[in-house]
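Chemist: Take a look at the letters that make up each chain.
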Amino acid sequence: MLYREAGQFKTTYQEDAQIFPIRQDRIGFFALLAFFFLVVPVVADQYWLQAILIPTLIFSLAALGLNILTGYAGQLSLGSAAFMAVGAFATYNFMLRIDGMPFLLAVVLGGLCAAAVGILFGLPSLRIKGFYLAVATLAAQFFIVWALVKFPWFSNYSSSGVITAQEVNILGYAFTTPESKYLLTLAIVTVLALAAKNMVRSTTGRKWMAVRDMDVAAEVIGIRLMRTKLQAFAVSSFYCGVAGALYAYTYLGTVEPEGFNLDLSFKILFMIIIGGVGSILGSFLGAAFIVLLPIFLNVILHSAVGEALPPGFGSSLELMIFGALIIFFLIVEPHGMARLWQIAKEKLRLWPFPH
Amino acid sequence: MKFSFRKTLVAGAVAAGLLTTGYAAAQEQFIGLPSYRVGPYAAGGSGIYGGWIDYMQLINQRDGGINGVKLTWEECETEYNNARGVECYERLKNKGATGNSVFQPLSTGITYSVLEKVAEDKIPLVTMGYGRTDAADGRVFPWVFPLITTYWSQASAIVNYIASKEGGADKLKGKKIGLLYHDSAYGKESHAIMDKLAAKHGFTVEKIAVAHPGNEQQSQWLQIRQSRPDYVVLWGWGVMNPTALRTAARTGFPREKMIGVWWSGAEEDTVPAGDAAKGFTAAGFNVAGTNYPVIKDIQQHVYGKNLGNMQDKSRVGSVYYNRGVVHGIITVEAIRTAQEKFGKGKPLTGEQVRWGFENLKIDNARLKALGAEGFMPELKVSCEDHEGAGVVKFQQWDGAKWNVVSDWVAGDRELVRSMIEESAAAYAKEKGITPRDCSKES
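Going down the list, the sequences are from chains A and B.
As numbered in the working numbering, residues 1 to 355 make up the first sequence, in order.
As numbered in the working numbering, residues 1001 to 1442 make up the second sequence, in order.
These aren't lab readings, by the way, just hints derived from the structure by calculation.
If you want the footprint, here are the derived chain B segments under chain A, 3+ residues with CB under 8 angstroms:
id: 1; region: 1063-1077
id: 2; region: 1087-1095
id: 3; region: 1104-1117
id: 4; region: 1125-1135
id: 5; region: 1185-1191
Below, a sample of chain A positions facing chain B; criterion: calculated Cβ distance under 8 angstroms:
id: 6; residue: 160
id: 7; residue: 259
id: 8; residue: 318
List of simulated lysine-lysine pairs, DSBU-like, C-alpha gap at most 30 angstroms:
id: 9; chain 1: B; residue 1: 1257; chain 2: B; residue 2: 1401
id: 10; chain 1: A; residue 1: 267; chain 2: B; residue 2: 1117
id: 11; chain 1: B; residue 1: 1207; chain 2: A; residue 2: 150
id: 12; chain 1: B; residue 1: 1361; chain 2: B; residue 2: 1341
id: 13; chain 1: B; residue 1: 1361; chain 2: B; residue 2: 1346
id: 14; chain 1: A; residue 1: 150; chain 2: B; residue 2: 1257
id: 15; chain 1: B; residue 1: 1380; chain 2: B; residue 2: 1070
id: 16; chain 1: B; residue 1: 1257; chain 2: B; residue 2: 1175
id: 17; chain 1: B; residue 1: 1173; chain 2: B; residue 2: 1196
id: 18; chain 1: B; residue 1: 1429; chain 2: A; residue 2: 150
id: 19; chain 1: B; residue 1: 1207; chain 2: B; residue 2: 1173
id: 20; chain 1: B; residue 1: 1431; chain 2: B; residue 2: 1117
id: 21; chain 1: A; residue 1: 150; chain 2: B; residue 2: 1188
id: 22; chain 1: B; residue 1: 1200; chain 2: A; residue 2: 150
id: 23; chain 1: B; residue 1: 1175; chain 2: B; residue 2: 1188
id: 24; chain 1: A; residue 1: 10; chain 2: A; residue 2: 345
id: 25; chain 1: A; residue 1: 150; chain 2: B; residue 2: 1196
id: 26; chain 1: B; residue 1: 1117; chain 2: A; residue 2: 150
id: 27; chain 1: B; residue 1: 1175; chain 2: A; residue 2: 150
id: 28; chain 1: A; residue 1: 150; chain 2: B; residue 2: 1431
id: 29; chain 1: B; residue 1: 1188; chain 2: A; residue 2: 267
id: 30; chain 1: B; residue 1: 1207; chain 2: B; residue 2: 1278
id: 31; chain 1: B; residue 1: 1171; chain 2: B; residue 2: 1278
id: 32; chain 1: A; residue 1: 150; chain 2: B; residue 2: 1176
Beta carbons: idealized from backbone N, C-alpha and C, even for Gly.
Construct the entire structure; sequences and hints are all you get.
Modeler: This is the structure we're talking about:
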């Protein structure tokens, strides 16, 4: 009964074109933002902030990046982790080699470097599609990690190739506590998520979707394929690059190239498939699912239940349950969690008089 | 019926609450174990953590804990994944009455990820035989303990062992040593020190990379066959090791001339290679076998009471398992040392246990008392030196088991130490750390 849009009239184009056309959604969204910005840093403890919320946010951003490319522009990619690595290592080098480099600028530059590399590895997309393109981006995955290990300059000649992130300092304020790191991550992710939402609603996004749905038709109506595809690669890699920089600076503190391996790329791909391909909300839901579920299972299987099991069995069981849940979930709702949410919303709007 | 059920529940909850608080009062030392029992490294993880847990169980069962303080532990599965490792670190950090006493992730990646966090949270980070090599300089890294041997000490010890086989360091001149390494940060760790040693002793090093995972090495061994090195140092991991041994056999390179690092020297590396592994020698900071009193005690007090952690009991006494026992011995001895300063029979905080690690002395007499003479090297940790031993023992595979073929072999301490100090100083400069003055510490 509460979720009813009766009586909400849109009298201007601005009102008609807003992100959340229904007032309850708007209120809900701002309440959610207020909750995460104001309440969470106060009530959540260090473990929740540092080990759960920050990684979830960072992976949401990476998933968002891949979703732009795969979900909206229809270009399959397996190189997301490599683009994250480019972002992390580029940011590190900008901070290291330029004195007085502001952190936020370094992150943006790191993202731009990732975008440039993304364009480079997106070039094959002009000639190949689908699985073939996925394999071409796989090359990015192997090449970038190899290059970061091969040339010690990237890691400032550290003996084991690991970079140690510098202290994050913005306008004299040092981000050292989990609360401040969380708020910084949240702020960046919020801004970029809003930007992404607006991008996919605008001409840019329409072009991406046209290319995704049928590139020949898109070309016929006057969309320049090359530009659109490379733009999608650039934007997507930028998002992944920023996620990588945050991964190094607000989450782990130190990263090695192997941390950005194929496994991570697959994980990000699973996030968008489970969350919902072609959905901004889906990126967040998927990231939360993939990050939180194994931890949740681990806690359960190593607590009271785990004592009764033979050692090692709990860990294997964790993987089995995780896999089974993914399969079950995809059978029940192949369009991902975002679709479930959409259905729930539709049902709520009709409730209690379904037709 | 319903009422009584509820009553039981409440009573149960109260009892459980009392029990747990009662336990906390009953002197427990909590140890968080970020283990991995699935994934590509599972063989190492299950063996090492199994041995470690069995040793702690032995201390609880046989001695009733350390001066009456029972050891408790909780495992957290990391899957060798850095992000999961950080989550485990945060989760285990505040468990137990005094928080986590020590963090030993058995993963270089996780070590780096928590390197700075441990100093903030005051929890010692112990990385036996892996991790950040220059952390052996305790003045810059007060909270990190790469105990027993670092990769650099180990590479240097391998060269010294080769020298001893050749009959002296002067015989190394003009020799050629092949370095077959896993093409990753871990594999490259060996480069700097090998280059320095080569320059010092006048041998040449031929570095040959094997891409992960390493199950295809035809071209690498072709290269070895062409350049004919006198020795091949196998700096491998996982499936790369048996493949290297098998391919060496096919190429006709004598396995007696192949020397592995400690990640290449377990049963899991040689058994899959079958006969091809016969004669292969590997370095390690512990030995294999069940013929030591400490292992016999574990069999009697732990497995005898059916409390053992290993599902496959035949792995008791294997290289990885015994390495886990070494982890257990060192951790327990550090807590014992710390108790002598901060009060016997009391659970200690991470900061106090850190003192225990820094002042740890395990000499041969102590090893004998522990039933581990010859099982692991003597150890003497100090404020400056967080490595403590820097020696390894060489074992040769005879086709069925590992046999010890050398005494404890030390590396080139001076050279390694100077490299460690140089690297640590660079880190201190980058991070703006003022190294501690060890002469002022008690």
